[in-house]
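In case you want the letters, here they are:
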Amino acid sequence: MELNPPLIIASGVGGMGEYLKLIDPKYIGAYTLKTITLFPKEGNLPPRLFATQEYLMNNIGLENVGIDAFIEKLNNNQYEELFEKTKVIFSLGGDDAQEYKRVAQKIAPYEDHFEAIEVNFSCPNVKKGGLNILSDLSSLQDLLIYMRKVLKGFLIAKIGVEGIFVEQIAQILKDHAWNGITLINTIRGLQIVNDKVFKGGLSGPILKPIALRAVYEVKNRAPELYVIGSGGIMCEKDADDFFKVGADAISLGTAIYKDPHIVERIAKHIGRCYG
Amino acid sequence: MENFSLTTKNTLKVTENSFIITFNEKLDFIPTQFIMIETPSVVRKPFALGEWFNDLAIGVEVIGKGTAYIVEQKALKVHGPLGKGFVPPSGKGAMIATPACLAIAFDLHQRYDCDVFIGSVEKLLAEIPFEVVYGNDEFVELLESLSGYDWFYVVGSDQMEKVAFDLLRQKAPVYISFNEYMACGIGACRGCAIQTKEGIKHVCIDGPVFRGDLVWN
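Those protein sequences? They're chains A and B, same order as listed.
Position 200 of the first sequence, counted from 1, bears residue number 200 in the numbering used here, the numbering being contiguous throughout.
Position 156 of the second sequence, counted from 1, bears residue number 156 in the numbering used here, the numbering being contiguous throughout.
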């Protein structure tokens, strides 16, 4: 995968391209869509967000229109402007291994639209699927083999740090001819908000040391994998740190909520330092 | 929608914790549309756009570090205007608001045929061109006394909005401005969901104003 700049808008955060209203696409290497599952998901009941200076906790629950409606929109050229402006990564999810397979089958004929397919194995906010897929290694390997067979393009797994060591999953991905890995997704968190328990996925600056360690370990174990570093990148220095530990590209998420202009600043910095 | 800066012209202290901030810039917006303002938090915060005597304005109630930051700044990074905005039904309306929502009240009053009533638990420190009632009991008495209006619009705290909705709903349609947490304000993150009788809606793109009976029983 050749991205210029090697800067990606993270899945979920950027919705279905809405941030192109606020960010000049020339500063975006690729834009990852919100995760699409087999069936439509209305998402979790509110409240869905809690934020501080150190982190954002979200409990969205993979709200999306489902693969059939997505493909219908694709066929109706509803994403044409997005495709014209930037490279797009499709994010694939499901409630169980069978659903992942069926979404892969359905999106396979449209792979040419996308720079890569990123498979979300790590959403912490759904009761089934997401993070749970990693808990059964033998069925995971079966799934990886199947998806590699069905999907011919650049195939990326998005992984969290719970359930399995990241370097172990990286080795498995490499063994099954997957191309890349996005490290890391949000981590499960809990906060008491207005005397009530609020559970969600943590993102933001608090994740950076954890994400850096994950990238470092994976790049040492499986240097052939294309590694997308993600987690707590809020400024140019953060981006530098991820490249120093071996990231091939970086992915921005929560930072664009604070200031969409950060994408341009970091992209220009990458151009000056690594271009 | 744009990403831009607003520079503070004046900060008017309305109560001990409520402020009207006016800006040097002008902006075209529909009533109740909002901007997302950068604060020390990792996400921007939504503030309804309004007007205060010919100046673009927002109202801010200081409830934490983020709102205190906004009041202290000379320039704010923002994006907007956002949201559908609120065009009231025909006829005469009444707007019920807290002091922190004076800018939006002023704007609505300028544009539409509506009376404005401000409910406050604190003494107002500034002169305002609207009727004010002080205290919870007086606020309830005011709401019970309102009649002859074709619509109501309520904006304030969650608790105040619910009290007003319950007391006004039999008289005319009541429109409520919802205060959900937001991260993007543009429909990307899906964080500001509310449960309605028509399913999940998003305050940033479907609102922020909804008919109260669409959301509450």
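Bear in mind the hints are in silico, worked out from the structure with no lab data behind them.
The beta-carbon is built from N, C-alpha and C at its ideal position, and this holds for glycine as well.
It is possible that some hints are incorrect.
If the Cβ cut is set under 10 Å, some of the chain B residues that face chain A in the computed set are [claimed, not checked]:
hint	residue
1	42
2	53
3	195
Simulated DEER-style distance windows between Cβ atoms [said to hold, decoys possible]:
hint	chain 1	residue 1	chain 2	residue 2	range
4	A	209	B	136	42 to 50 Å
5	A	235	B	90	46 to 54 Å
6	B	71	A	39	28 to 36 Å
7	B	27	A	26	53 to 61 Å
8	B	84	A	235	31 to 39 Å
9	B	137	A	164	58 to 66 Å
10	B	71	A	198	21 to 29 Å
11	B	115	A	98	17 to 25 Å
12	A	271	B	115	32 to 40 Å
13	B	25	A	141	26 to 34 Å
14	B	5	A	98	49 to 57 Å
15	A	271	B	129	28 to 36 Å
Now for the hints, and whether the structure bears them out:
{"no.": "1", "hint": "42", "result": "holds, 5 Å"}
{"no.": "2", "hint": "53", "result": "violated, 31 Å"}
{"no.": "3", "hint": "195", "result": "holds, 6 Å"}
{"no.": "4", "hint": "A:209 with B:136: 42 to 50 Å", "result": "holds, 48 Å"}
{"no.": "5", "hint": "A:235 with B:90: 46 to 54 Å", "result": "holds, 51 Å"}
{"no.": "6", "hint": "B:71 with A:39: 28 to 36 Å", "result": "violated, 46 Å"}
{"no.": "7", "hint": "B:27 with A:26: 53 to 61 Å", "result": "violated, 27 Å"}
{"no.": "8", "hint": "B:84 with A:235: 31 to 39 Å", "result": "holds, 34 Å"}
{"no.": "9", "hint": "B:137 with A:164: 58 to 66 Å", "result": "holds, 60 Å"}
{"no.": "10", "hint": "B:71 with A:198: 21 to 29 Å", "result": "holds, 27 Å"}
{"no.": "11", "hint": "B:115 with A:98: 17 to 25 Å", "result": "violated, 60 Å"}
{"no.": "12", "hint": "A:271 with B:115: 32 to 40 Å", "result": "violated, 57 Å"}
{"no.": "13", "hint": "B:25 with A:141: 26 to 34 Å", "result": "violated, 58 Å"}
{"no.": "14", "hint": "B:5 with A:98: 49 to 57 Å", "result": "holds, 50 Å"}
{"no.": "15", "hint": "A:271 with B:129: 28 to 36 Å", "result": "violated, 53 Å"}
Violated hints, in rising order: 2, 6, 7, 11, 12, 13, 15; the structure is consistent with all others.
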